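J.: Single-letter residue listing:
Number of protein chains: 2
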Amino acid sequence: MRAVIMHSPGNVSVVDRPDPRIEQPTDAVIRLAATCICGSDLWPYRGANEVDEAPMGHEYVGYVEEVGPDVRTVKVGDFVVGSFMASDNTCEICAAGYQSRCVNVHPMGGIGTQAEYARIPMADGTLVATPAPPEADLLPSYLAASDVLGTGWFAADAAEVRPGKTVAVVGDGAVGLLGVLAAREMGADRIIAMSRHADRQELARAFGATDIVAERGREGVAAVKELTGGLGAHSVVEAVGTQESMMQAVRATRPGGHVGFVGVSHGVELPGDKLFYSAVHLHGGPAPVRRYLPDLMRRIAAREIDPGRVFDLSLPLEQAAEGYRAMDRREAIKVMLTV
Amino acid sequence: MRAVIMHSPGNVSVVDRPDPRIEQPTDAVIRLAATCICGSDLWPYRGANEVDEAPMGHEYVGYVEEVGPDVRTVKVGDFVVGSFMASDNTCEICAAGYQSRCVNVHPMGGIGTQAEYARIPMADGTLVATPAPPEADLLPSYLAASDVLGTGWFAADAAEVRPGKTVAVVGDGAVGLLGVLAAREMGADRIIAMSRHADRQELARAFGATDIVAERGREGVAAVKELTGGLGAHSVVEAVGTQESMMQAVRATRPGGHVGFVGVSHGVELPGDKLFYSAVHLHGGPAPVRRYLPDLMRRIAAREIDPGRVFDLSLPLEQAAEGYRAMDRREAIKVMLTV
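Protein sequences, first through last, are from chains A and B.
Sequential numbering of the first sequence, starting at 1, is according to full-length UniProt numbering.
Sequential numbering of the second sequence, starting at 1, is according to full-length UniProt numbering.
If we strip away everything but chain A, and leave its shape as in the complex, we get:
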């Protein structure tokens, strides 16, 4: 099959790799309908993480091609969505809603879903099938559910967004923008999107942002406080993962408020005293997307939400390298790769 490999930072191409096959009786193999490039794929692309001939991609929608003998809940031909973390969905941690930390967790990034086919471990626990094949125009939204929508949703949930609350969102990538959408769906009273880019501001407004703050760091915090009677937001979504963005999120939150952080942490050191006196709640990490998938897929099928709008560039899988370049240069918010 054809599949994306990152040879070294900045060096991506599509190459021939062996077709995946059933390795465990609980595996499935899917034929990708679409996959995409994640903001987190840019960390190794930019040299911030080590990378050496790595398969890429952890987001996926597609059709079940083959199932192992122990697979019960999906069958050949089903259209399925799964999380970027394969999980058994039965262990005590999964049962508590933390499938991304399943005791048997298998990161899909190690398998690589920017490819024609992918093996899905623990298919019953990982995959959710639609009742019928999806309408073609919903494909991007289902693909978003695989990671960025689920991650933005988890961030808003971790930030305890509720009706009547004011929410601030730090980060205007796909996850931050979908954090805005999630906050709207959860009934937030006011949603402050922190963004300096006109196109992303526009999408944030379309997803439900009521206010835009272009400033960053201390100025950004001051602007959020000015919008909230000096107190700070009730809930803040952090969707970047840097020291500046984390501290911006903590400082923009009122005492007793909630920070939901999902930006993959890079070089962050949280000063304990600042955290102590902030009196905020802090929760985050790799989003347990699987927890939300059935609900999110229902909302997509019902056309209640349109998360697929974050894909502002669609390319064939063979042009993956161009997709990486476009995201790296911020020429695209998020790139879908059709297979």
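Don't take each hint at face value.
Copies of the same chain are indistinguishable here, so a pair counts whether it falls within one copy or spans any two.
[Stated by the list, open to error] Below, simulated SDA-like cross-link-like pairs (lysine to any residue); rule was C-alpha separation at most 20 Å, straight line:
no., residue 1, residue 2
1, K225, E331
2, K165, G230
3, K274, Q243
4, K165, E244
5, K225, V14
6, K165, G97
7, K165, A95
8, K225, E92
9, K165, P131
10, K165, R21
11, K274, E244
12, K274, P131
13, K225, D295
Honestly, the hints are just simulated from the structure, not real lab data.
Since we're looking at a predicted model, the values are computed, not measured.
Please build the complex by placing chain B on the supplied structure of chain A, with the hints as guidance.
T.: Just chain B now, kept in the frame of chain A:
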């Protein structure tokens, strides 16, 4: 009046200071019945915080001596308990239960309650009166409510202790021990006290600990995991405030679990990536003791709880210096000063 002054690290004495008086119409002046020495008073005593001729003490029970013209809810002669943070109890932050971060907050430590009398700002918001003068043997328990009980209670609440959960408590000072008591009252299924001292282990068991772990750091975490099927505790109370204790708390918590941290943070830097992948909830800070006072005082009056047992040494105010020495040398868990 007589009052404790810390002249410099390790140098405490009782001196004459001017009697406090009503400064604002919302002030009260109380005559102390008892006060005490806090674990946090040991930070400056040991030179970890700067100190220069500072009044000391922020825990207090006593009788209202005088009230300003705008005070409505307490009257002269009432027996009252208040938090270590004076608060208006009406602002938006107080209304959300975070009185220790009240927009008009006034730290009682700046006033100094290791004294015969103390001015209490915002008396209506800060003080809670008992319906009748308390029975003498309950005095220590009411005094504990002023900080260490309320702080241990908040930590257990922040750690979302619930029936059926397993709780671990890092720190065997008064706050940690009362975190054990709080966890018992909140219905925890299993309570693991982390302590190396026989006397404190004994009190932890009396307060409801079901298991004792004497190991610290990585060995302590391994011991908690062994007691919890490899997963870690659902809820962990952190009551020390060092890098080691914070990381011990985070690592001893299962993914999706909750850390309630109340140890005043000293030199802590939380690595963002460790926090991210831990997937725990983190909440803490200066405890909003005022939120819990009415409930805690009712439980004390009904003799449902006996938090006063953390005072294993009682001295007259004049012997405060001896009390500091005893706590510094760990010869006493917590010292009550009678006035």
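J.: Each hint should be assessed against the structure and marked as holding or not.
T.: Tested hints:
Taking the closest pair of Cα atoms, K225 and E331 never come within 20 Å of each other, the shortest separation being 31 Å inside a single copy and 47 Å across copies. Proximity of K165 to G230 under the C-alpha cut-off of 20 Å is restricted to the intra-copy arrangement: shortest distance 15 Å within a copy versus 38 Å between copies. For the identical chains of this complex, K274 and Q243 are neighbours both inside a copy (13 Å) and across copies (14 Å), given an alpha-carbon limit of 20 Å. Within a single copy, K165 and E244 get their C-alpha atoms no closer than 24 Å, and across copies no closer than 36 Å, so neither meets the 20 Å cut-off.
Neither within a single protomer nor between protomers do K225 and V14 lie at most 20 Å apart by alpha-carbon distance, with minima of 47 Å and 44 Å respectively. In this assembly of identical chains, K165 and G97 lie within 20 Å of each other by CA distance solely across copies; the values are 16 Å between and 24 Å within a copy. In this homomeric assembly, K165 and A95 come within 20 Å of each other (Cα to Cα) only across copies, at 14 Å, whereas the closest approach inside a single copy is 29 Å. In the homo-oligomer, the alpha carbons of K225 and E92 lie at most 20 Å apart only across protomers (14 Å), although the nearest pairing inside one protomer, at 40 Å, exceeds that limit.
Within a single copy, K165 and P131 get their C-alpha atoms no closer than 35 Å, and across copies no closer than 37 Å, so neither meets the 20 Å cut-off. For a Cα distance limit of 20 Å, the shortest separation of K165 from R21 qualifies neither inside one copy, at 48 Å, nor across copies, at 41 Å. Taking the shortest alpha-carbon separations for K274 and E244, both the intra-copy value of 14 Å and the inter-copy value of 17 Å come in at or below 20 Å. For the identical chains of this complex, K274 and P131 are neighbours neither inside a copy (49 Å) nor across copies (39 Å), given an alpha-carbon limit of 20 Å.
In this homomeric assembly, K225 and D295 never come within 20 Å of each other (Cα to Cα): the closest approach is 33 Å inside a single copy and 33 Å across copies.
Violation of the numbered hints given earlier is confined to hints 1, 4, 5, 9, 10, 12 and 13; the remaining hints are satisfied by the structure.
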